[in-house]
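Put the two chains together into one complex, using the hints given.
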Amino acid sequence: MTSSTDIRAVVLRTAGTNCDGEMVRAFTLAEAQTDLVHLDRVIAEPALLERYDLIAFPGGFSYGDDVGAGRVFAVKVREHLFPALRAAHERGVPMIGVCNGFQVLVQAGLLPGNEIHAEPDRPTVALAMNSVGRLIDDWPGVEYDADSACIWTQGLAGLEEPVNLLPLASGEGRFVPASDDVMRTLEANRQIAVRYTSDINGSAGRVAGICDPTGRIFGLMPHPDRYLEWTHHPYWTRLEREQMRGDPPGLRYFINAVQAVSAGRAALAS
Amino acid sequence: MNQPSAAIEPATNAPRTLRRIEVWPSEQAGDPRADSVKKQAGDLGVECRSVRTARVYLIESPLDDAQLERVRTGLLTDPVLERSHFGSEAPGAGVEIVEVHPLPGVMDPAAQTVQDAIEDLTGSADAHVMSGLRYDFKGITGEQAEFLARRLLANGVIESVHREAYTPGSFPELPPADQTLRHATITTLSEEELKVLSREGHLFLSLDEMKAIQDYYKAQGREPTDVELETLAQTWSEHCVHKTLKSSVRYTPPADDIIQWAGRPGVTVHDDGTVEIDNLLKSTVAAATHELIEEGLDWTLSVFVDNAGIIKFDDENAVCVKVETHNHPSAIEPYGGAATGVGGCIRDIMGTGLSAKPIANTDVFCVAMPDMPMDDVPEGCLHPRRILKRVVEGVRDYGNRMGIPTLNGAVHFDNRYIGNPLVFCGCVGVMPIDLTHGDAEPGDRIIALGGRTGRDGIHGATFSSAELTDEHADEFSHAVQIGNAIEEKRTLDAILRARDHESGCLYSAITDCGAGGFSSAIGEMGEKLGAEVHLDRAPLKYDGLRYDEIWISESQERMILAVPAEKVATLQSICDEESVELADLGEFGTPDRELILHYEGVEVGRLGMAFLHDGIPMPTREASGGVGAEGQRGKGAEGEEDAPADIDVKSTLLDLLRDPNIASKRWIIRQYDHEVQGNTVIKPLVGPGGIGPGDAAVIQPVPGSKKGLAIACGMATPIGDPAKGGDPYLMALAAVDECVRNLVCVGANPDKIAILDNFCWPSCDRPENMGALVRACMGCYDAAKAYRAPFISGKDSLNNQFRTKDGSLIEIPPTLLITGVAEVEDVSKCVTMDLKAVTSDLVLVGGASGASSSMLEHGPVLAKLISDCVQTGGVLAAHDVSDGGMAVAAAEMTIAARAEGASAGLEWEVPPSIGSGGMFEFLQSTYLVQVQTDRLGESVLERLSGYADWRIQVTDRGKLDTGDANIPVSDLSAAFHSTLDW
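One line per chain: the protein sequences are A and B, in this order.
Counting along the first sequence from 1, when you hit position 248 you're at 248 in the working numbering, and nothing is skipped either side.
Here the working numbering = 1-based position in the second sequence + 1000.
Just so you know, these hints were derived from the structure itself, not from any lab.
Hints are supplied without guarantee of correctness; some may be wrong.
Restraint-style ranges between C-beta atoms, simulated for each label pair [claimed, not checked]:
#1 B:1933 / A:161: 46 to 54 Å
#2 B:1603 / A:41: 41 to 49 Å
#3 B:1564 / A:8: 35 to 43 Å
#4 A:263 / B:1958: 46 to 54 Å
#5 B:1125 / A:8: 35 to 43 Å
#6 B:1069 / A:115: 23 to 31 Å
#7 B:1504 / A:161: 21 to 29 Å
#8 B:1470 / A:164: 37 to 45 Å
#9 A:205 / B:1083: 17 to 25 Å
#10 B:1933 / A:164: 28 to 36 Å
#11 A:263 / B:1501: 52 to 60 Å
For glycine and all other residues, C-beta sits at the position ideal for the given N, C-alpha and C.
Just chain B, same shape as in the assembly (with noise of 0.2 Å):
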């Protein structure tokens, strides 16, 4: 190998400079990372030569070379598989080197790290550190090289690419803010001139909104500072208040709905066939969970007021859920906009009640084909493969970090989302069951713990709130962020200690820094109170931030408590011990229950909590239809690809496993830790061979007790895809559906499901759009009641969707995540969906075809079923009829019970009466159940007779035969794992 020679740099001792530093991988360590990026870039056609990494350095500090050379060998070089230098080593003859640092003000965790441990080793805290990684390709041109950097290697909105070895002088000094009060013209405006107000200083607000603002400001005689108007925007955004949801709507329903809306909560039906719902929201998914508590239904202990919903879990303990989006950030900056989705989710967690451990995280990604050819991706959009990548590895590096098993996701593929990739994240904690409230007091402390302030993350909450278009990615670079997981760690560290403390609780409440940051934080806290916070006493990352950005920044890792003063010093003293900032920021409470803001001694913003938090107003919203054309409805859009009755079975099946959709995910799964915590007791991934795709994740969420909760989601939205003929109606009953038969296959009570809804939907201002939401809630109403399964918390996120340079839209079919969890009585009595190698009957238990209402009948009366006979015994394995049907669903099972020597397989007659194409139909409210041949199975099978009529036989010849086709189960498993294996 050709090894280009280090230019070693003179050693000089100047009193402040900036070193570069070079770590290479030795030669007996290989370059894992550089194989992998030759592997990508041959997927993107670029083939290279040779590629080799390595990591970079840049140090400004007061060190002499004595203390940069303990830096360079004693902190940044392993011995055995690294070499280093100080400088740059000269590239070889035709060398291409690409070079990628974070921007000014990014997060760039591995520099704090260094940061940090210089001042460890040399006591110096001046050290300035920027870290970069270089890449020198052989054998591509430099244009390919500048195409690599784009596609592949760095994102513009976050990173800079150099072509050569960066080495500057001195790193820029950010010049210091201007902080002068500024005003906003607001009561002289036009409507015109406030809607460009809105637009273009990124409020977002509505024309109603920017009126009624107008008329506070004309009601007080003055201008609104611009503090004062961001903090109306931040607090007034979708992202905050959920104003679509919360809205009254009038709605015109199709002719010979199947809703039936006399009756409900909240819903008036009007002679002209129009209903009026007032307060969709509350009249649908939390009327549903109220009625049942009502009911009698008493294990929730706190539904949609909270960061997360809270269930009892036993006698000490209770859970809490929350599953939040990241959308529009994971567009421009997968990785980031993942990673920050995750860390935000458990800052939920750790800001519900007076805080929650959090223990199992989930995540659900909507994207586009990952085959898609380049040409047809948008400008302005990034690949759905690299997208996929990135949030996978953000996901991945955020969790595993945090120390959070990740253990329930689902991939849905659509090509509609290709300009608006959907990322779900969820979190579950546990916490006392004594802890579940917190309220600040007047006089309280406001305390910010964790990370500085900076200005990333500025606008966040007003940019997700917004239609994105191809421009995005330049407009709203700053509302992008990395995060710092470490910082958040130690942060949770240091709460759950203040939580636990000997003399009991040391704060009276608490919430994340999330969307918004301080402002909506401090906002929501202090709503009943007031609050007067001075913006010059946050700690912030760099200087050069106006009070306006301090106060909206949504920088990670912060959370905000009120503390009664005589607690502060042992919070502060547990703070040091936990290496976790703590500054005061004032005091909760103020005599006109306002809002007051100073900078440096200046008031900069005063806003009445009550006009704040009330005074946004609610238009009556118009909706229609939302439902697809006459003739299809009912059936949901499966209908419609409704195979003929005599198709191909083998190449269906092999097709249908290779269907991204429904191929294995374990690529993906594998990369999460998902036993961190040591709790997990049915993994994500079931059966010998450690790849079967499994309904529903178990964990301990008490150490040592037997008692066990399970985790899982269901969506559907091809049913409920208006495009297709679907019905969001069905789809909202389909997801509840499918998510509970995931719990109960696993062996949860269905008596103990708590549910949670994410809308991911286009546009709400389109009629129709609005009325498929309608329906939807509808549903989850419906579902919610006749599952018994009350709704904990939810979120919504809207305008989903994308116009393209040329000013077509593209919009995401309305997508509905329900995520559910429930108890597991005894953890020892879970069964998994892996065939099980004895002589048992694999029986087909349901049945029904398609999406229709009649699963609110048959459903539960299933679920209550299936968990009864795994609770009794004798039930060996039990899976799901979904997507591909029951021919997926078998041979799932085959694959998962695989293994060397191993070899189940299965062998059925198909029914004349569905033929061969129904095998590959969705079906509702359905299982497989495999049940022993013994006395306890009997009575299985007695217990399901009357539901299940089709035996399908369980051999020992590692086959799938249907009489039509014969199919060894290896194929099967090949076709099932050839897609998503990146």
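One chain only, chain A, in its complex shape (with noise of 0.2 Å):
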């Protein structure tokens, strides 16, 4: 596949992400050139993630998820990668956690990220096993915060049903706050950037998905990276053709990024 941009996103990998070949697919239709690399190169040499304009955690198994979903993989983002994480946040690099990457990014500390601090901050926020104790595979209904900063997801709270669906597969996809305090927070500052039309796995606040107060980092449950062609919509075949126009929901969150780099790299040019 081409691209036409020099804008640069990275997508992490390690054994049992799964979830990669969509990531990359999603940021290649969005014109970035893409790399896929294994989280222990970049634990290796950090410094590798300077090169990168957005950065990208996949959804999947990491380590076969079994002392709980994405805990492997965010100890060794707390472990090795917060620094150079920390210095690509303040650099401006979006960052989109999908499903096991959002149970990562939670669980390093990089969201809610109300501040980030120096030392990973201990999470105020989690995934935990839906409420019917298994995996839900389902293509649910969404809403989007008009007003949430988040650049993820800008413009598409227009959108109506039934194209504004996202394909949902997880097992540990309920979001838990610690406690009140958090969801008010989350609630103040416009964080939850979408949420389900419905309650399909006990979320609280049907939150399927939060960014930082900066709307840069983002983590949900659903799959935008499995909603890039009309033709991954669940009942495609019967949508009348007008309502498939333009780029289908899910790619154009990563659009949205790519566009954010641009007009962030304008800025700092003007």
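What follows is the structure, encoded as structure tokens:
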């Protein structure tokens, strides 16, 4: 696949990562030059991250998820990569964690990320086992906060069903804040960028995804990276042609991020 | 809530200690695992007041307290969701504890993860971890706790149950193995003694085979070593060599047989009416493919020879498919059996050609009725509900972790599967078209990649070839395994990098370790060259394995590669980066084409490859009948249950929708990730509510290409059931027909369908069962030729029968699964089976009742016709008419269309010619097609006019209205979803 920008994205994979293909494709379709790099390589040389304008934590079952979903990946980030990621964040690099990647971001202390200190904070939110006690694969309806700073979801608030769905496939996707205060802060800061339209997995406040207060670090359980073409829609065979105009919502996340990087560069240049 | 206080252990600083850590869910996290146990206990009649669960980690290590504290807080505990402590929480008053740990030697993936993470966190590679789960029950008796432990929480085959917080002082050390070379005495044995040796040595070889081995060693003038005998038993097992299907058969057909015997390939018709078939598989399933290729079919690339069949997908890519069964292990340990079944089939794909990337999984299960009373379950069997639940979880956990979408499947219920459930696991892969073949070269290193070898899975190949009995769970516990999907995923990542290396593929051949372990993998790869193996070089999970155990262990997640010596270093560096273990076990190629085994410098085995692979005697098998009683034949088993002409349509339809064989499998399907890899364009469940049972799934094997691959299956067990008057010949035709119909309904090209066979049969030592197999094979041949759909791979599992404690025999009905894949030229033209809410007609196309051989004439024509109509447009929905007849098919289409605010319905008059009973009849080669009312639709109707004479009106009234009955679609949907929504 070709790409026509010089914006560079990195997708971090490790043992058990399995949604790296769709994540790479998403950034590539959004015209970023995308590399798939093993986590161990970046741990050995954290300065590698300096090459990139966008960082992605893809879905999967990193290290088997046996101890807790995303736990071991997050421990490695906390132990070895936190300073490099913090520097990237300060440089304005947007980051996304999808599904297992979201679980990593919250346990690594990068989300909700109200203040990113030199040392990773203790997690204040978590993704627990779905209330039904098993994995759910479905396409729930979602709604966006038009006033959220999230750079990834800009312009999506106007979307309506039936196109305004996202694919979800997770066992541990139930959003749990450590306290009501945590939830209130997320609400007040407009960090809850995307919610489910109904209670699908028991998430507090129907939260599907949150961003940090800058809107650049973003994590969500559903997979925008699996909604890059209209034929990914679960019942596209009954949609009208005019309902399938323009870029599919999932792809728009990644186009948004590439545009945000461009805009950031333009601002810097002027 | 009354929280018992935690008894925290005092800190100590011992050089090597065993510490226990308990991790409990926090208040805000809740405990869905406990909720689920409480509910399931209730289903078993045990009402618990409360259930709490904790993860338990036992860590034996030299770590100091500070390090262990870091492991506890940093690794094992989420501060939001969990609280944890060392030692064990004292149980409150009236609490019954059940704690479950894996038995020593059983794969414990969580423990492995923790060991690796501890190394990363503390630098200590010396931690030994065991994981476990603690359940605290309130409001039940100790006896009830034991009952739940046995029935719900643990399987004694792989797990130990403790009634207290298990805190051993240290883990038991396995004694070193006695590596003395052992010989078996065979040359002097009598026939009776040979039989005893076969059974008691778990060889499961026939007397003829034992005698062939005896003759070989007599000629050699020596006795076999134990490992030689094991090697022969593995290689000659039904599982590995398919000796029944490849044998010659003398068959006595029934009088007035509907099968025409004269002129068939490999068949000689004798004057006395008997027929002789030379190599059953070659003369039927394989013959069809080879004849089609001779007739010009040019898109198969590899059939029957590799681990999977390979077909051309486009100019650059090939697609390969394999379907395996894992029945016996799943009967004893459904979770591990199903998971390792999936893992094994995925490895087949990884070991096809020079390796393919797995892109889709399928799964089909046959189990006894889920509502079977507990008292009816024979001793030695698990309840079918537990089997199904655990099998689904096994497939889910392995497939999802591998990142392979599980896209197609089916479940068939029949009480004769009680002792012998069937678990079919399929996998589809994609590979570069120039990497579809590989051959080991003399001098290539024998390289093992992936998991370590343990004592798990010993005798799986021979075990799976035997009849099950009530004592098998104990006798064959060592054949059962737990998989570790992440090990396999890492291995896959490494192999694909080695395959696609910039200098070219780093190996010359690859295969997986499946049944028979190293023995089968290396034995097969070295068949033409010979191989010299040093068993002491295999990395082991733990000490204490004998050389013969290393050789035949079926430990999971291992692959064997033939690697040119100069490329081993490059492969090693890839493996290092992917954290995959590599071991060099020896070399391919020996002067006399022998298999030579060493252990620490001692030769422990030497067998000629020629004898190993070609020495097995192939006696002619006797077969007769295998078809239902006279008079019932030709109608299929469904005929037996013919409904009277006038029946209560409403209650019949609702009952059918509730029948587990027809009811929605949503509960299963939604546990599988069917979107991973992002290439699924037609999902297994379709329509606006995501509840319509789609006919076939469609994926894009090459992302971005408009070309797709449809995946479907067909199974028509009741039609072939001799015990119910069925004919396995017609069953095979119907299964292929159903598979083809499912594929064309979504828009697949009927000229590009490749199919696979999976025979699961009771013992073919009984001539009637062998006869049933002969008939099914003939059906496969006729159907493949008629539909021009080549078989590209297949597998059989025989001896699926269960001997109860009182000696009675439960044979499964002969079961044939047909799996099909087909090209979709342009995925944007795909259609789905949900009724679309526009002005339109629904037409019944086809409509011949029952199952008969006339299917061969009409089926292919209709498939082509439906496909053409879908391609030209105007078709809004298409669905095949099978179990439950057109009424059920129509009901499914309305249920699928159901969504908030939308209310598609149907209205029809029952034609007097078929009566209301006819609406529920299985119809061969029949479709329901929704056609738009416009010019395009008119042209479709015109094309269908010769085959469609029954129009059904599509309404927006949200009801199914037949004049006799008027049923809201909401009622249909409720019935459809009531049975299997666990």
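*Checking against the hints above, which ones are violated?*
1, 7, 8 and 11
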